[in-house]
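Asker: Heads up: the sequence lines are chains A and B, in that order.
0 is the number of the first residue of the first sequence in numbering that gives the first Met the number 0; add one for each residue after it.
0 is the number of the first residue of the second sequence in numbering that gives the first Met the number 0; add one for each residue after it.
Treat the hints with caution; some may be incorrect.
[What the hints assert, rightly or not] So the derived label-pair ranges between C-beta atoms look like this: (1) B:52 <-> A:114: 27 to 35 Å; (2) B:41 <-> A:190: 54 to 62 Å; (3) A:334 <-> B:57: 20 to 28 Å.
Since the hints were made in silico from the structure, they are not lab data.
All values reported here derive from a predicted model rather than from experimental measurement.
Where a beta carbon is used, it is the ideal one built from N, C-alpha and C, also for glycine.
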Amino acid sequence: MSINPPVEDFATDWDHADPEWVNNPYPIWEDLRERCPVAHTERYGGAWFPATHEGVSKIANDTENFTSRAVIINNGRPDGEDIPAPIGGAPPITSDPPFHQIARRLILPALAPGPINALEPRVRSLCVDLLDEMKDHKVVNGGMDYAQHIPPAVISRMLGFPEEDEELFRSFVHLVVNAIDLPVEQRIEQFQPVIDYFEIQIEDHRANPRDDLTSYLLDVEVAGEKLAIEHVFGTMILILIAGIDTTWSAIGASLWHLAKSPDDLARLVNEPNLMPIAIEELLRFYAPVTMARLVNKDMEYMGCPMKEYDWILLGFPAANRDPKVFEDADRFIIDRLENRHLAFGLGIHRCAGSNLARMELRVAIEEFIKRYPRFELMDPDAVTWAPGQIRGPRNLPIRILS
Amino acid sequence: MKVVIDTELCQGHGRCFTMAPNLFSFDDLGSGVVIGDGTLNDETIELARLAQLNCPEHAISIEE
């Protein structure tokens, strides 16, 4: 839980690590949308939170006034000296134009539908194996026994890392995206094992090149030159971190929804053709990911006195509940036809792994409801949610019904 | 009537080819591509509208 003091008013002192926000942010965002479309906090060195679809879209598409050099808010307020521009620490997510496009084009082919669809049988057999392991159990943990194991197995295979290091990957993810309120010195110290691990993997791939993303990044050339090692390293970190608890959270939140919504569960079981539309509504309603930007210069923007290096938290999940854009925005409608949700962001930084995430989510839900057509939450109060910019259930006890 | 993707606006969310795989495909970078010349008939117009209503970048249009 957060070590920060409790929040008095989210309009002037918001904190996405606050327990109230972590447990149920939606009423907070609804209140902010009505009261002040852009909330402010002095925490984390100063940060803004646009709560409307309009505000989120405007900033996401404004790469002049906002930079992506840092995308995870933490206590180490960047002053411009410590973050390499224009690449950033984890290209392309931390890159700005024009370099951004170069870095993005390098990884998009591997994440396009062709190669991702080819992974589907492997994801399906992984899900079946996990379900086999929990067979005969009356209570299963949708988070710890199921959702959390699916993305690491896929990502480690793509990068060519040993699958048995799954637990280690989750600890890296926790450090980067959950342990956000630690003092900055502590974050740097705890990050060292991540760097050490990646160095070992890079060395191993140099000695034994193979058909995976790590070897590809070490080998690929841009304008006749191999990538800087910082670039290779940063993209590997990005794929590992961004590919794991995002999808894990989406799978968990979807199971959580189905466990407490028997009518929706029954429809999905009985109408498999509904799945593509239902998946998008699950993504809209429980979008797990918020991303940060940094303000590029002192300016008045959307009526707010923004300062250079203030953080912006882009609440894509909040935009997805904006009643100005979505009819009955606060209602989950499993067959919602109009659904321009922003679960994968908007503009040039659209989640590069969205095809993979969507496929994993769909297959994980298909296999779970095939094995267990009826289930419910065992104890709603026992469900815990991950703090920070990636939100999803961690402890998710589910009772299997006959 | 024809369905068209504005390639300047498309960011590869993949909503069109997920929702309407008979009308849309994708290129090597994962951007949406209209299959054939995009001419719509009474059966495919609804699918094209569905894709249009799901594109977060408003990149899909239906031309008379």
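Asker: Could you run down the list of hints and mark each one as holding or not?
Answerer: Against the structure, the hints:
no.	hint	result
1	B:52 <-> A:114: 27 to 35 Å	28 Å, holds
2	B:41 <-> A:190: 54 to 62 Å	58 Å, holds
3	A:334 <-> B:57: 20 to 28 Å	22 Å, holds
The structure agrees with every numbered hint stated previously.
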